[in-house]
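K.L.:
The lines below spell out each chain.
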Amino acid sequence: ELSICVYTFITICLASVMGGEMTFELPDNERQCFFESVDKGVEATLEFQVITGGHYDVDMELTAPNGRVVYKDVKKQYDSVTWTSDEKGIIKFCFSNEFSTFTHKVVYFDLDIGNEDPLAKTGDTQATAMTMLESGAVNVHEQLKIILDLQTHHRLREAQGRGHAEDLNERVFLWSMGQTIIILIIGVGQVLVLRSFFTDRKPRGRA
Amino acid sequence: MVVGKYKTQLFDKNINDYLPSSPGIGMHVLIRDPENNVILSKTYQAEGRFTFTSHSPGEHTICLYSNTTKWFMGGKLRVHLDIQVGEHANDYEQIKSKDKLSELQLRVRQLLDQVQQITKEQNYQRFREMRFRDTSESTNRRVFYWALAQLAILAVTGFWQMRHLKSFFEAKKLV
Chain S
15 ELSICVYTFI TICLASVMGG EMTFELPDNE RQCFFESVDK GVEATLEFQV
65 ITGGHYDVDM ELTAPNGRVV YKDVKKQYDS VTWTSDEKGI IKFCFSNEFS
115 TFTHKVVYFD LDIGNEDPLA KTGDTQATAM TMLESGAVNV HEQLKIILDL
165 QTHHRLREAQ GRGHAEDLNE RVFLWSMGQT IIILIIGVGQ VLVLRSFFTD
215 RKPRGRA
Chain E
896 MVVGKYKTQL FDKNINDYLP SSPGIGMHVL IRDPENNVIL SKTYQAEGRF
946 TFTSHSPGEH TICLYSNTTK WFMGGKLRVH LDIQVGEHAN DYEQIKSKDK
996 LSELQLRVRQ LLDQVQQITK EQNYQRFREM RFRDTSESTN RRVFYWALAQ
1046 LAILAVTGFW QMRHLKSFFE AKKLV
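Residue numbers (our numbering), protein chains in the order written: chain S, 15 to 221; chain E, 896 to 1070.
Keep in mind the hints are simulated off the structure, nothing from the lab.
Hints may contain errors.
Listed below are the simulated DSSO-like cross-link pairs for lysine-lysine, each with C-alpha atoms no more than 30 Å apart in a straight line [as the list claims (entries may be wrong)]:
#  : chain 1 : residue 1 : chain 2 : residue 2
1  : E       : Lys937    : E       : Lys995
2  : E       : Lys937    : S       : Lys159
3  : E       : Lys1015   : S       : Lys54
4  : S       : Lys102    : E       : Lys993
5  : S       : Lys106    : E       : Lys1067
6  : E       : Lys1068   : S       : Lys106
7  : S       : Lys159    : E       : Lys991
8  : S       : Lys159    : E       : Lys971
9  : E       : Lys993    : E       : Lys908
10 : E       : Lys995    : S       : Lys102
11 : S       : Lys89     : E       : Lys971
12 : E       : Lys1068   : S       : Lys159
13 : E       : Lys1015   : S       : Lys102
14 : S       : Lys159    : S       : Lys54
15 : E       : Lys971    : E       : Lys991
16 : S       : Lys90     : S       : Lys159
17 : S       : Lys159    : S       : Lys106
18 : E       : Lys993    : S       : Lys54
19 : S       : Lys159    : E       : Lys908
20 : S       : Lys159    : E       : Lys995
21 : E       : Lys902    : E       : Lys937
22 : E       : Lys1015   : S       : Lys106
23 : E       : Lys908    : E       : Lys971
24 : E       : Lys971    : S       : Lys86
25 : S       : Lys102    : E       : Lys908
26 : E       : Lys900    : E       : Lys1015
27 : S       : Lys54     : E       : Lys995
28 : S       : Lys54     : E       : Lys900
29 : E       : Lys991    : E       : Lys1061
30 : E       : Lys995    : E       : Lys908
31 : E       : Lys902    : E       : Lys971
Because the structure is a prediction, the values reported are computed rather than measured.
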């Protein structure tokens, strides 16, 4: 049964262009591949970050439509690749957790292809020059997009830190429990062992 | 508001390409909220669209399961997935025609949506920071009280050991 589980933070932005961003769970010893179609000569950017799991690292491989490997690296926590596609086709990028024996990783990636489409298609096909106000508004829009992108990165870093802190908390708790049990076992065990020293032989006078 | 669209295509070995549409394949969509309650659990056809509105901040899980095994035995299934969240789920074409806005008005509407999203994100961060601070303080407290408790347990255990052994040796007439 095929199952794709993706985690979505409620404020993830999916650009109005092709491509998008997603956070998904990569189980141990597995490889997950994603595909996207690109046109010729279009510049695209792919960035990824490991949010939770183990040593926060993952292998990544990006293949162009003609089979050429654009990017390949192992055990990276965060990276960003920008390339221009030589031909039209389907790119493939794969994340691999095959080096890990039992830690699941949660990986975020963001694929940005090309430039943004206009907001709404106008009826007339001729391009009219934009007024100061319109170009100012487009400027503000671009800046806001940058802010939202920064917020996404901040949110990811926060999720990473929080995951680590909660993990630490749980480990402190479990270890304390474990230590108590060990202390009690050793305490009682010592007494029992000592008693066994003195029960088999005839009691001798000892100071 | 989150809008998800998916489309599945089955690989046909005869034409060595994906069929444009594959009837008979369904996908079961399961959405959980941060507290692991199920918000949506529904089966759609090969092509579907699902929406939900989040009522609590945090990590929601979207899962897609295929409900047929028809494509096994060396088959491949291509799944197109498009998830749009928040202001990106707005269809500006529709808004433009419904409210009869000009280009500039539409752009300003988009800017307002974006700013609203930024505000929501900031509120979310404030909530998260609170949770994080609580977790850190809880860890700190646990470490402190646990160290004290351990000292007490060690002292009690040692004391019990000595008392028990003393009475044991006295019973064995060694002391």
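K.L.:
Take the hints in turn and mark each one as holding or not.
P.N.:
These are the hints, each one checked on the structure:
no.	hint	result
1	Lys937/E / Lys995/E	violated, 36 Å
2	Lys937/E / Lys159/S	violated, 34 Å
3	Lys1015/E / Lys54/S	violated, 37 Å
4	Lys102/S / Lys993/E	violated, 37 Å
5	Lys106/S / Lys1067/E	violated, 80 Å
6	Lys1068/E / Lys106/S	violated, 82 Å
7	Lys159/S / Lys991/E	holds, 21 Å
8	Lys159/S / Lys971/E	violated, 37 Å
9	Lys993/E / Lys908/E	violated, 46 Å
10	Lys995/E / Lys102/S	violated, 38 Å
11	Lys89/S / Lys971/E	holds, 29 Å
12	Lys1068/E / Lys159/S	violated, 86 Å
13	Lys1015/E / Lys102/S	violated, 38 Å
14	Lys159/S / Lys54/S	holds, 25 Å
15	Lys971/E / Lys991/E	violated, 40 Å
16	Lys90/S / Lys159/S	holds, 26 Å
17	Lys159/S / Lys106/S	holds, 26 Å
18	Lys993/E / Lys54/S	violated, 36 Å
19	Lys159/S / Lys908/E	violated, 43 Å
20	Lys159/S / Lys995/E	holds, 25 Å
21	Lys902/E / Lys937/E	holds, 15 Å
22	Lys1015/E / Lys106/S	violated, 34 Å
23	Lys908/E / Lys971/E	holds, 9 Å
24	Lys971/E / Lys86/S	holds, 25 Å
25	Lys102/S / Lys908/E	holds, 23 Å
26	Lys900/E / Lys1015/E	holds, 24 Å
27	Lys54/S / Lys995/E	violated, 36 Å
28	Lys54/S / Lys900/E	holds, 26 Å
29	Lys991/E / Lys1061/E	violated, 91 Å
30	Lys995/E / Lys908/E	violated, 49 Å
31	Lys902/E / Lys971/E	holds, 14 Å
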